Amino acid sequence: MPQKTQMASEIRNQQASILKDWVNYQLAANMLRRDLIIKEHELRDASRQFLELFVTALEESTDISTPGWKPAKEYLGELSHARAVQGFSPSETAMFILSLKQPLFDLLQRQQRDAKALAEDFWEMTVLLDRLGLHTAELYQQSRDAIIQRQQMELLELSTPVVQLWDEILALPLIGTLDSNRTQIVMESLLQRIVETSARIAIIDITGVPTVDTLVAQHLMKTVSAARLMGADCIISGIRPQIAQTIVHLGVNLQDIVTKSTLADAFHIALQRTGAAVTKVGASA
Amino acid sequence: MERIPILKMGPYLLVTIQVDMHDRVAMTLQDELTEQIVRQHASGVLLDISSVNVVDSFIGRMIGNIAGISRVLDAETVVVGMRPAVAITLVELGMALPGIRTALNVDAGMALLKSARKISSNGRLAR
Chain A
9 MPQKTQMASE
19 IRNQQASILK
29 DWVNYQLAAN
39 MLRRDLIIKE
49 HELRDASRQF
59 LELFVTALEE
69 STDISTPGWK
79 PAKEYLGELS
89 HARAVQGFSP
99 SETAMFILSL
109 KQPLFDLLQR
119 QQRDAKALAE
129 DFWEMTVLLD
139 RLGLHTAELY
149 QQSRDAIIQR
159 QQMELLELST
169 PVVQLWDEIL
179 ALPLIGTLDS
189 NRTQIVMESL
199 LQRIVETSAR
209 IAIIDITGVP
219 TVDTLVAQHL
229 MKTVSAARLM
239 GADCIISGIR
249 PQIAQTIVHL
259 GVNLQDIVTK
269 STLADAFHIA
279 LQRTGAAVTK
289 VGASA
Chain B
0 MERIPILKMG
10 PYLLVTIQVD
20 MHDRVAMTLQ
30 DELTEQIVRQ
40 HASGVLLDIS
50 SVNVVDSFIG
60 RMIGNIAGIS
70 RVLDAETVVV
80 GMRPAVAITL
90 VELGMALPGI
100 RTALNVDAGM
110 ALLKSARKIS
120 SNGRLAR
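Heads up: the sequence lines are chains A and B, in that order.
With my numbering applied, the first sequence covers 9 to 293.
With my numbering applied, the second sequence covers 0 to 126.
Quick caveat, the hints were computed from the structure, so don't treat them as lab data.
Just so it is clear, the structure is predicted and the values come from calculations on it, not from any experiment.
Note that beta-carbon positions come from the ideal geometry of N, C-alpha and C, so glycine has one too.
Heads up, a few of these hints could be off.
[To be verified] A few chain A positions that, by computed beta-carbon distances, are all more than 10 Å from chain B:
| # | residue |
| --- | --- |
| 1 | Arg-56 |
| 2 | Thr-64 |
| 3 | Pro-79 |
| 4 | Glu-82 |
| 5 | Val-93 |
| 6 | Gln-117 |
| 7 | Ala-123 |
| 8 | Trp-131 |
| 9 | Glu-132 |
| 10 | Ala-145 |
| 11 | Leu-166 |
| 12 | Val-217 |
| 13 | Arg-248 |
| 14 | Gln-280 |
| 15 | Lys-288 |
| 16 | Gly-290 |
[As the list claims (entries may be wrong)] For each label pair, taking beta carbons as the anchor points, the in silico distance ranges come out as:
| # | chain 1 | residue 1 | chain 2 | residue 2 | range |
| --- | --- | --- | --- | --- | --- |
| 17 | B | Arg-2 | A | Gln-172 | 32 to 42 Å |
| 18 | A | Leu-258 | B | Gln-17 | 43 to 53 Å |
| 19 | A | Gly-184 | B | Gly-98 | 29 to 39 Å |
| 20 | A | Thr-185 | B | Leu-92 | 17 to 27 Å |
| 21 | B | Val-18 | A | Gln-263 | 30 to 40 Å |
Let's have the full structure, built from the sequences with the hints guiding it.
What follows is the structure in structure tokens.
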């Protein structure tokens, strides 16, 4: 299509001035994060590299789904990812590509042509740049999602320690809300530790669990049942007064499970059951 | 057809399941174990499932049935060596095997049977 290649070659001819205008527009935009973009020449480098890829791709096609656009899209992907990590907002990231509109429109306007052809070119360029903008925003979102997901995983791993208190006694201090995902991980790590340490008693401490509703209670029961199947008894400790009231008001049945208000009480019971006792050294007779 | 051996150890029977439990195998085991309990006057059954990787609701129910039948015949069943993944699966299936005794390994199961026997012979706890 001669018209498109013509547009590309015009951009190619004016590439240096377009780049200069574009960088100036980006710098002038009040959305630009001066605190995050430290050096102007970095922005200039990024803009130059992208403009080069943009023109190369435009020489082939105006459809960004064609393979010719792959390098340009990949470059945008890297840029969005880097900006997502640095903490740019979505609109700030999208402005990188959207601010290219103005210099390109200026270029089109400078060519003296009839209004119809100009309008067509405008439209084509708008569609193209909007698509690229959407692509950028999407990639930005993906990068952010990946970051959030990674942090969630780290949180999950951090928040489910299983500690050995004594021979055959494990403690599982739970902190934060128990959802199905976490219950699964808690259960797996507890059962794994039961096998490793031949534990007979596991104390589940829920001091750090802010609320206990029917779902959380059900998850607790599941964990207790699974541990029992492995031959370990569970004691639930750290039940605060309000939570005790909630449990009864909700009609949750914890009848078959030993419950204690503090971890110390639970540990005492656990020691008794394993036949151990704690005494003070040199206590007066 | 595969058969699961039933070993006599003192007053107890030891059943070690080392093959994946198909439904037929499980049915045969149930029949043979019942017969053996009566013939050997066993007072306890150790069901070692440490080699079992896969369970379904049928096998879960089977284990429950075996324990129930043994109890009727006055032999306590202890299920030993359940793997974590199996335990989670059974709980997710809603089969927490209530009323069945469990232990981590054969040693612990044997100790459990012995202590249960002592208590019941003292007449304090008739289980």
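**Request:** Test the statement that Val-217 (chain A) is away from the interface with chain B: the closest C-beta pair must be farther apart than 10 Å.
**Result:** holds, 20 Å
| field | Given as non-interface: Ala-145 (chain A), partner chain B, CB spacing beyond 10 Å | value | The claim holds: Ala-145 (chain A) sits with its nearest Cβ about 40 Å from chain B, beyond 10 Å.
Practice problem: Evaluate the given range 43 to 53 Å for the C-beta pair formed by Leu-258 (chain A) and Gln-17 (chain B). | Solution: Holds - the Cβ-Cβ distance for Leu-258 (chain A) and Gln-17 (chain B), about 44 Å, lies within 43 to 53 Å.
* Asked: When you look at the beta carbon of Pro-79 (chain A), is every beta carbon of chain B farther off than 10 Å?
  -> holds, 46 Å
### Task
Classify the label on Glu-132 (chain A) as holds or violated, using whether its beta-carbon is more than 10 Å from each beta-carbon of chain B.
It holds; Glu-132 (chain A) is separated from chain B by about 56 Å at its closest Cβ, greater than 10 Å.
Beyond 10 Å from every chain B Cβ - status for Leu-166 (chain A): holds, 21 Å
Does the hinted range 29 to 39 Å hold for Gly-184 (chain A) and Gly-98 (chain B) at CB? With Cβ atoms ~33 Å apart, the hint holds.
Point to revise | 10 Å Cβ clearance of Trp-131 (chain A) from chain B | key: At about 57 Å from chain B, Trp-131 (chain A) clears the 10 Å cut-off, so the statement holds.
May I ask you to check that Lys-288 (chain A) keeps its beta-carbon over 10 Å from the closest beta-carbon of chain B?
holds, 30 Å
Does Arg-248 (chain A) clear chain B by more than 10 Å, comparing its Cβ with all Cβ atoms of that chain?
holds, 26 Å
Cβ separation check - Arg-56 (chain A) to all of chain B, threshold 10 Å | holds, 56 Å
Hint says 32 to 42 Å; check whether the CB-CB distance for Arg-2 (chain B) and Gln-172 (chain A) agrees.
-> Hint holds: Cβ distance 40 Å, inside 32 to 42 Å.
The structure is consistent with each of the numbered hints, conforming to all of them.
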